[in-house]
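Just need the whole structure built from these sequences, with the hints factored in.
Those letters in the sequence shown? Residues 143 to 526, by my numbering.
Because the hints were derived from the structure by calculation, they are not lab data. All values reported here derive from a predicted model rather than from experimental measurement. Keep in mind that the hints are not guaranteed to be accurate.
What the hints assert, rightly or not - In silico DSSO-like links for lysine-lysine, alpha-carbon gap of 27 Å or less: (1) 457 to 475; (2) 219 to 441; (3) 448 to 277; (4) 475 to 448; (5) 496 to 457; (6) 356 to 375.
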Amino acid sequence: MKSLKMIKFKNLFFGLIAFLSISCSDNDYEKRANALLIELNINEQTPIDSILCKVAEHFDIPGITATVTNQDSIIEKSVYGVINSRFDELLTFEKCFDIYSISKSFSALIIMQLVEEGFLNLDDELNTIFPELSKNIHKDYKAATLEDLLTHQSGLSRNGRHINETIRPIFKGTLMDRREQFTLWILDQKSNNTMGEFNYSNAGFVIVGAVIEKVTGNSFENEIQDRIFSPLKMKSGGFGWPVENAGDFAYGHIRDNRKVVPVRYADWYLYGLANPAGGIHMSINDLSVYTREHLLGLKGKSKLLKRESFEIMHKIEGVCGLGWYNSVFPTYKGSEVGGTDDGYRSEIFISTQKNIGVTILTNINDRNDWIACKTIKLAMLRKY
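Printed below as a string of structure tokens:
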């Protein structure tokens, strides 16, 4: 077996050439993933263990795990690699990964529960949800609705990691206090975007978390635990980088001059303000349970929401639905969601066409890992 710590540069080079030979401007991810499947001799008969091994070794991915799920259970799963490129401890199905922006779909699910319970409507405007803040909300956001937040059309800025790095010292108190303060702070600023147009916004989902806390009187973290983790028995679910908060974790990695190295967590991950946008972690086993629940939900069999609510979440008009996006594969209709930042990548694909879900977690994020996940998803969809 090839070394997990350093693959030959020519494999990376020729693999990327195979992708770049198909126009990047074409935006046809299916053709690009298909090019790699052909190069690696992966077909419908290739076992999932072999698929992960071939893709991981080709792109020098330290650790990757994937499952295929139907309405009843996980029907196939595999894990490949190590938890840390500097050591030999093997990755297992129980190790935790940060799922980053898949967290947004969890936030959207709780909002839909509150809609079903009669506490909210998707067309509620922010100045009615936060009447005490209405005098301070900038006119650019006066008409913004809860649905605008969930579909990234509120006009809010992206506000990624600098949500914490640049302005976090001004927010004090509990996580609930800080999210309320953040909401007041950002809604008081002029928008640089046009409401009604798609502009990806982590900040918008911090406000979604504040909405959940406003309505329930409970922290976002406790609501996730009570409404999703506990009913689905997702015992590994938690918040913040798993390296700090769980005994079983996979270290995140980056590339430094083409060498895979573990990345040290940044303290802004532990701050927690942006958990509703991207702060949840868990194992592949538990994330696959979540994937399965969406398959069940779209058939009217979920314990969390009615079928109609799942359909609203997965209905994509424009760029995205409520935390979910259209399939990037023209041949395979469905919805997907993913997350990435320093050290990890996570992806879920829901195929109502084939009635399966594909879940993938890696402990590295870069261009190669992005291509690898798309390729594995395509292989699984073709196989089933």
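Hints versus structure:
1. Straight-line distance between C-alpha atoms of residue 457 and residue 475 comes to about 12 Å, which keeps the hinted pair within the 27 Å bound.
2. At most 27 Å may separate the alpha-carbon atoms for a hinted pair to count; residue 219 and residue 441 meet this at roughly 23 Å.
3. Only pairs whose Cα atoms come within 27 Å are accepted, and residue 448 paired with residue 277 is rejected, the gap being roughly 36 Å.
4. A threshold of 27 Å between alpha carbons decides the hint, and for residue 475 with residue 448 the separation of about 22 Å falls inside it, so the pair holds.
5. Our distance criterion of 27 Å between C-alpha atoms is met by residue 496 and residue 457, whose separation comes to about 17 Å.
6. At roughly 26 Å between alpha-carbon atoms, residue 356 and residue 375 fall within 27 Å of each other, so this suggested pair holds.
Figure legend: structure checked against the earlier numbered hints; the only hint not met is number 3.
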